[in-house]
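So the chains spell out like this:
There are 2 protein chains.
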Amino acid sequence: MKIISEVFSFGGKQLVCNHKSVVNDCEMTFAVFIPPKIKKPPVLWYLSGLTCSHQNVMEKGEYRKKAAELGMVIICPDTSPRGDNVPDEKENWQFGSGAGFYIDATEPPYNKNYNMYSYIVEELPSVVQNNFDFDMSRQSIFGHSMGGHGALVVALRNPKKFKSCSAFAPIVEPTTASWSCEAFKKYIGLNHSDWQIYDSVALVKNGYYFPEILVDQGGSDSFLEEGLRPWLLEDACKKSKIKLKLRIQDNYDHSYYFISTFMSDHLIWHRDRI
Amino acid sequence: MKIISEVFSFGGKQLVCNHKSVVNDCEMTFAVFIPPKIKKPPVLWYLSGLTCSHQNVMEKGEYRKKAAELGMVIICPDTSPRGDNVPDEKENWQFGSGAGFYIDATEPPYNKNYNMYSYIVEELPSVVQNNFDFDMSRQSIFGHSMGGHGALVVALRNPKKFKSCSAFAPIVEPTTASWSCEAFKKYIGLNHSDWQIYDSVALVKNGYYFPEILVDQGGSDSFLEEGLRPWLLEDACKKSKIKLKLRIQDNYDHSYYFISTFMSDHLIWHRDRI
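The listed protein sequences correspond, in order, to chains D and Z.
Numbering-wise (numbering that gives the first Met the number 0), the first sequence opens with residue 0 and increments by one.
Numbering-wise (numbering that gives the first Met the number 0), the second sequence opens with residue 0 and increments by one.
Accuracy of the hints is not assured; some may be wrong.
Each pair may be met inside one copy or between any two copies, as identical chains are not told apart.
[To be verified] Listed below are the simulated DSS-like cross-link pairs for lysine-lysine, each with C-alpha atoms no more than 25 Å apart in a straight line: (1) Lys59 with Lys12; (2) Lys204 with Lys242; (3) Lys12 with Lys65; (4) Lys12 with Lys1; (5) Lys160 with Lys65.
Since the hints were made in silico from the structure, they are not lab data.
The whole structure should be built from the sequences, with the hints applied where relevant.
Shown next as structure tokens:
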């Protein structure tokens, strides 16, 4: 792993690092904010949405002030493998670069590189453990949109590994959203039963459990009906023992102007549980 | 004036507007944050640095949370005229687009468009007054780098118009900094006596007065010696009655990671004086 840049901010350090990923078979870049004055800080993972890299939330998410106060590391991975040797559809913002959907692809040629689920759950935590002195026994996860989907799926499938979970405007049922279906087909084929382990609503319906989940959703989000549909997760959680705290935030859209507004609430949510 | 975009954030509204500027003879764009729940809020102007537009601070400045709390409008103008009909040197980041230096140019062909001093002091406040219900009797100004220079010069020359002034890493003596000399030559010619009204150190030495100025300067700023040199302003203020609060912030650089860290301090500084 190499540190590409290191900048002081809010008393802590904002790093950008890269490393050779084995599971994605390419160089991967991620951002790490290290809070000041705390030994072995806990780690909160932020998964970003479609078209984003590690950089968008690092620049626009406004997490450093509160993370510095609360003493939490924030790690922001990229959203897909990238590079000249990674198969891609440059014109398609819902597939390929910037659209890994936190899935392990099974279909060629994508299965060689698009293994973002294993990358987030296994490989990157291992890289981080080997290179930083963080408390990896205290990890939590959150994300936005496609990354909200990723955070929900990763938490539901790994409830012992992650102490808490939250999401901004997550795609809660990607297997039926027009946004994500085409990508799922290409990454994992036509057998819909293979899709269910990457769908938070399906996971909840199938008995996967996480004690509490916080979801903030902008009431004026233009993707609400088409891709997000938080009410599907609400219905599924009502029939399970999962306590979902779903907040519809009137007038807010899908952007970082929305995310940054509620960022502190999410950091406090995780600090109280991590 | 047209509102190009309007987004909810921290309970307020982040707008981007454009209008036909008479003094710059082109379309100009600016950002306005309107805080919630306050009638006739005061107005704080933020002038950006070289290469920036209205957008950089809007995305990375982290001003909305505190401005919403304090009930202050934040207006972020562009840093130069722009457009196909505006003379420019595309390859030169220290002149032309993104580098107006808050000067009224006198040299052709630049004097037709590059009139950022009059734009900031007269024209844009008038556009704002005609289109928003803000308290224009309460205005303050701050900025970063080239925009720190702009804020200092504008405040020193208009101490009745602006209630308070502060800067992040300002170019305090642009008439002698290698960063800015070439631009000054092209905008206002070779007569150095014409330059002095756009140089905060020269203004202070020549008796211009502003009661108090806050300056934050990153101690690890790579432009410290070459372009910024806050000690020149410190020396000049010591010999005047201006109270300069100069804070060298160890380890911080010249970026928005530095600015955002101290943004709240500056907003409180202005709230206490506006």
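Going down the list of hints, with the structure as the test:
no.: 1; hint: Lys59 with Lys12; verdict: both (16 Å within a copy, 16 Å between copies)
no.: 2; hint: Lys204 with Lys242; verdict: within (14 Å within a copy, 66 Å between copies)
no.: 3; hint: Lys12 with Lys65; verdict: both (13 Å within a copy, 22 Å between copies)
no.: 4; hint: Lys12 with Lys1; verdict: within (15 Å within a copy, 40 Å between copies)
no.: 5; hint: Lys160 with Lys65; verdict: within (23 Å within a copy, 35 Å between copies)
The structure meets every hint from the earlier list without exception.
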